[in-house]
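Asker: If you want the building blocks of each chain, they are given just below.
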Amino acid sequence: MEALIALVIGVLTAGGVFLALRGQTFPVVLGLTLMSYAVNLFLFVMGRLAIGLPPVISDAAAGYTDPLPQALVLTAIVISFGMTAFVIVLALKARAELGNDHVDGRHHDEERHA
Amino acid sequence: MTLFFAVLTPFIGAALVALASRLGRSHSAWAAGAVTLAAIAWLVPSLHLPFEGTTLIQQHDWMPALGLNLAFRLDGLALLFAALILGIGLLIVLYARYYLSERDSMGRFYSYLMLFMGSMLGIVLSENLIQLLIFWELTSLSSFLLISYWQHREEGRQGARMALAVTGAGGFALLGGFLLLGHIVGSYELSVVLASGDLIREHPLYVPTLTLILLGVFTKSAQFPFHFWLPHAMAAPTPVSAYLHSATMVKAGVFLLARLFPALSGTPEWFWLVSGAGLATLLLGAYVALFKHDLKGLLAYSTISHLGLITLLFGLSTPLAAVAGVFHIINHATFKASLFMAAGIIDHEAGTRDMRRLNGLWRFMPYTATLAMVAAAAMAGVPLLNGFLSKEMFFAETMEISAGHAGGWLLPALVTLAGALGVAYSLRFIHDVFFNGRPVDLPRTPHEPPRWMKVPVEILVVLCLVVGIAPTLTVAPLLAVAAADTLQAPLPDYHLALWHGVNPALVMSLIALGGGALIYLMRRPLFAWHERSLGRLDARVVFNALQNGLFALARSITRLIDTGSLQRQVFFLLAAALVLGVAPWLAGGTPLAGNREGLPLDAVSLIAASALIIATLATVWLHRQRFVALVTIGVVGLVVSLAFVKFSAPDLALTQLSVEIVTIVLLLLALYFLPQHAAPEHEPARLWRDGMIALLAGGGTAALAWAVLTRPYDTIAGYFLANSVPGGGGSNVVNVILVDFRGYDTLGEITVLALAGLGIVAMLQGLQLAAPSRDDAGRSWDADAYPAIMATLTRILLPLALLVAVFILLRGHNQPGGGFIAGLITSVALIVQYLANGAVWTHQRMASDSHPLVAWGLAIAAFTGLASWLFGYPFLTSTFSHLNWPVVGEFELASAMAFDLGVFLVVVGATLMILVNLGGLHRAPPKKGSVH
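Chain order of the listed sequences is A and B.
The opening position of the first sequence corresponds to residue 39 in the working numbering, with each subsequent residue numbered one higher.
The opening position of the second sequence corresponds to residue -18 in the working numbering, with each subsequent residue numbered one higher.
These aren't lab readings, by the way, just hints derived from the structure by calculation.
Hints are supplied without guarantee of correctness; some may be wrong.
[Stated by the list, open to error] Ranges between beta-carbon positions, derived for each pair: (1) A/Gly90 / B/Leu851: 39 to 45 Å; (2) A/Ala41 / B/Ala556: 25 to 31 Å; (3) A/Lys131 / B/Ala(-4): 31 to 37 Å; (4) A/Lys131 / B/Arg89: 32 to 38 Å; (5) B/Val188 / A/Lys131: 52 to 58 Å.
A virtual CB, placed ideally from N, CA and C, is assigned to each residue, including glycine.
Here chain A stands alone, though its shape is the one from the complex (with noise of 0.2 Å):
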């Protein structure tokens, strides 16, 4: 299972890193919005994988699982939504003001000459 996770953190990373690579604004957000699966799925498994040991205290649970990585990535995650509207937004407005949606705000046939 370890190994499973492991792959699948790898696989997001490097779609993620890919799609940042990009020089459109909307496949950028996208790799951000990927790497930040990432990157939020890697701090949850600092806690190692535990199964049906969720941290909520009782009498009956056999035990717990780590509960900081997961109160960590908790607000990680309403953080990333706030990035990736900022992000969006920040995109939106470079549209408007220099005509275009590259991250560098060249057009497209301007970068083939370039």
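Given chain A's structure and the hints, the job is docking chain B onto it.
Answerer: Chain B in isolation, oriented as in the chain A frame:
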């Protein structure tokens, strides 16, 4: 606390004064006067202490671990300066009331003035050096505001910028000097520093420390070669010049010389650096002052010259010279403030400050002329006036120090020359302006100013006279305590008297008076010669060249590291992270995998993981078809939340699921305004390169995760698990960590979320984007924007969804849920209303502005934290108890739940703010040609 309040009063007063200006023009002047009197009143109870030989020190812990305390000190020197700052400040307040015209904003002026007064007071009353420096920087900032008060004038803005650049750079050097001083002494407290003179002087770091501190002093007090900012600061309104250049701003530098005199003086380095700079400034200022045609220009260079004189005195290092220095600080403040005010009156009533046009004003304003002439005579050092006494002491000290040295005649000769130049420019001020023929086409006919405008000048001129005639009866006690606390030692023997018999100092004074008259008589050929030669030099040219050079350097460095391409920057960032991440693996011989036993693999997990991997690859592969990519990335998010369910994280699963929904709505809305398909890229090389980086990064992260997961670990989780119920009153440990154990982090995080929301609103303001009327395939949008079935269903669902949200919020402390999740669920429920029914329909039924929600949320969260202070606990300490409610049964009430409510409100407010504003964009009329 009285000293602290005295310093605080002007800062609070600055706001009051600005408010008072709304009531009427005179009100802010009255308020400013009242604030100054209040600051004085805070000092009055302690005034007698310095005269009894006690130094009052008031200390309040602030950051004791760093040696930073709020510490104030009132001794003789501080008292003298506080008296100058507040006394002359009060006169300036009165004077400015009549000086400022109808067009000038009174509130702004007095507000800046109060800020400046508070900063100056802070400098002179500080016991802690770092605290002193903070006030020092505040004077630079507030004087910037004052100098550029007439913002519409080019020279005002330039002068203010130059003053800020020079004094700001000096402040930076001073910080370095103070840190070194603190390092040497081991304390930033002045009492300790002043008592450690020998330790400091013998320390190997003495010279760097001294140099850095002197840089701060010389820039502030306009000593050569940093003198050039002061004349340009004359673009300020005259009351500002009168205040900054007589009693305050520039005196901060010499104040520091006096303050640190016991700690730093008495070495050859001190002697040569300080007296050298002082002498050069004294001569240069006196020389240039003579040739200035502008009345304020003359006074500016005369100020520079007198500051040089004071610096030179402190440089001489003898106790008697320091006494003379302190005495001249007092005298210069009184006569220079009155002269500036007189110059302001002349400018105000005659409409110009050019001495080539101002002639024969005696006829028009004899009373003002008399006052100005007395003050100018004091500046020249004429007997019976205060300037004479300190100048006499100065001459005597230079004779004393030079006696018995080879070439010992040089210093007395040079200072006598400077004295003669001083007499000459004072004569010019008197003769050119008030006599010397008739005025040359003045803009208006001059006349005496309003009665109360003259009062401040009268008071100061009377002070010049009484100090000059009867020093022992007036200034002597104040001078004695100020000088004694400057020296931190018993006073040397000295006599304040008009007549000391015929001695070298008297002879020098007479030579200066006669020589000055002679120079003035020869002024015409001298002026002509000056115009041809030295008059062309302008320090501003050098300053501007230096400044432009610095800017050019900064720009070239920026160009070197910032190529202006985000794509390239991201590439370098990732590549650097890769190199740094891989390097330790290559170096160390540790095996990748550890020996921790893992969980067995099951079929469901395998299928889910495969779905996630396929969806990720699809997103990457199809990212140019943006709508499809959005669907596939939704699948990824869904599987991630399933992973959270699987691995015992119900809270995370709920959060991820609801965030997933709002994110997709967000991206859909944004996609509406972005091209829905992107052209394929034409650079296979770049695709390969990025692919390689991506594979390396992915492989690296996977390896890292694998390496960690296969190793055992220690955790601090035990503490949280053990204390959650007894300490936090909740059985959902994750929620208790969020709202209790790490509540402060959460407060920060919701603040970030609120800021992101506000930032988005700000960016969207005035943004106009053309919304396409049809999709890329040429099909027009569905005419039925709000399908009836969906609209009806969502309306029915709303109360249900809200009920769920409330349930989730309330149970969050004990079961999976809480403010974050409840907030997201509520947002989704409300957003769906917008989507199904339209913004117009929704806003008829619900407040459209979600700013108050965010504000209330933050306020509630912060106040829950503050409330624990009331009970004497640290910030955000939580408490809980159990209530027995009728019907409901036992119910737990925890203060952390109020905090969670704050979190809830912020999440709802920020999410709505973001999505509703983004969705509202398309209703803005499209701007032609904004999008190609």
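Asker: Could you run down the list of hints and mark each one as holding or not?
Answerer: Verification of the supplied hints:
Under the hint 39 to 45 Å, the C-beta atoms of A/Gly90 and B/Leu851, about 43 Å apart, fit the expected range. Taking 25 to 31 Å as the suggested C-beta distance range, the pair A/Ala41 and B/Ala556 conforms, at roughly 27 Å. Taking 31 to 37 Å as the suggested C-beta distance range, the pair A/Lys131 and B/Ala(-4) conforms, at roughly 35 Å. Under the hint 32 to 38 Å, the C-beta atoms of A/Lys131 and B/Arg89, about 33 Å apart, fit the expected range.
At roughly 54 Å, the beta-carbon separation of B/Val188 and A/Lys131 lies within the given 52 to 58 Å, and the hint holds.
Checked against the numbered hints listed earlier, the structure breaks none of them; every hint is satisfied.
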